[in-house]
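J.: Go ahead and model the full structure; you've got the sequences and the hints to work with.
Going by numbering that gives the first Met the number 0, the residue at position 13 of the sequence shown is 12; the numbering climbs one at a time, nothing skipped.
Not one of these hints is a red herring.
The calculated label-pair distances, taken between Cβ atoms and stated as ranges, are:
#1 65 x 11: 24 to 30 Å
#2 19 x 92: 17 to 23 Å
#3 98 x 74: 15 to 21 Å
#4 59 x 93: 31 to 37 Å
#5 58 x 19: 28 to 34 Å
#6 63 x 98: 27 to 33 Å
#7 98 x 49: 29 to 35 Å
#8 73 x 100: 17 to 23 Å
#9 55 x 30: 19 to 25 Å
Hints in this document: simulated from the structure, not taken from any laboratory. All C-beta atoms in this analysis are idealised placements derived from N, C-alpha and C, irrespective of residue type, glycine included.
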Amino acid sequence: MEETEKKVAIGIHNLDVINGDYKYIASSPVENSFIPLDHLNELTPKEILDEHEKGSKYAKLISGFDKYPIILDKNDKVLSMPPIINGELTKLTEDTKKYTCRCDWN
Numbered sequence: 000m001e002e003t004e005k006k007v008a009i010g011i012h013n014l015d016v017i018n019g020d021y022k023y024i025a026s027s028p029v030e031n032s033f034i035p036l037d038h039l040n041e042l043t044p045k046e047i048l049d050e051h052e053k054g055s056k057y058a059k060l061i062s063g064f065d066k067y068p069i070i071l072d073k074n075d076k077v078l079s080m081p082p083i084i085n086g087e088l089t090k091l092t093e094d095t096k097k098y099t100c101r102c103d104w105n
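T.: And the structure:
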């Protein structure tokens with residue numbers, strides 16, 4: 000990728016399944032486990048980077064840091080680990096009535 004090019008991550012989240020406002024935090028690699036999108040089991044952020052197909056593919060974007068970005072709802076349920084992967088929790092369904100779109104870029 001050339002220096003002038005920008006990277007963008009877009010996340011769409013089902014608001015029907017989360018509570019209240021959401022917040023970005025800097026998480027330890029071994030805290031805030033969640034089920035990544037299209038996966039069956041909970042993984043830590045470090046496990047996502049090491050073991051998950053999408054996590055491994057995009058790990059270079061955050062691997063140099065000792066904390067990883069996580070988005071939580073009011074009840075500390077994980078929505079996403081941007082810009083790597085969203086969580087299964089907020090996956091859109093045919094019954095989704097409210098959703099939000101999140102964009103991250105460098």
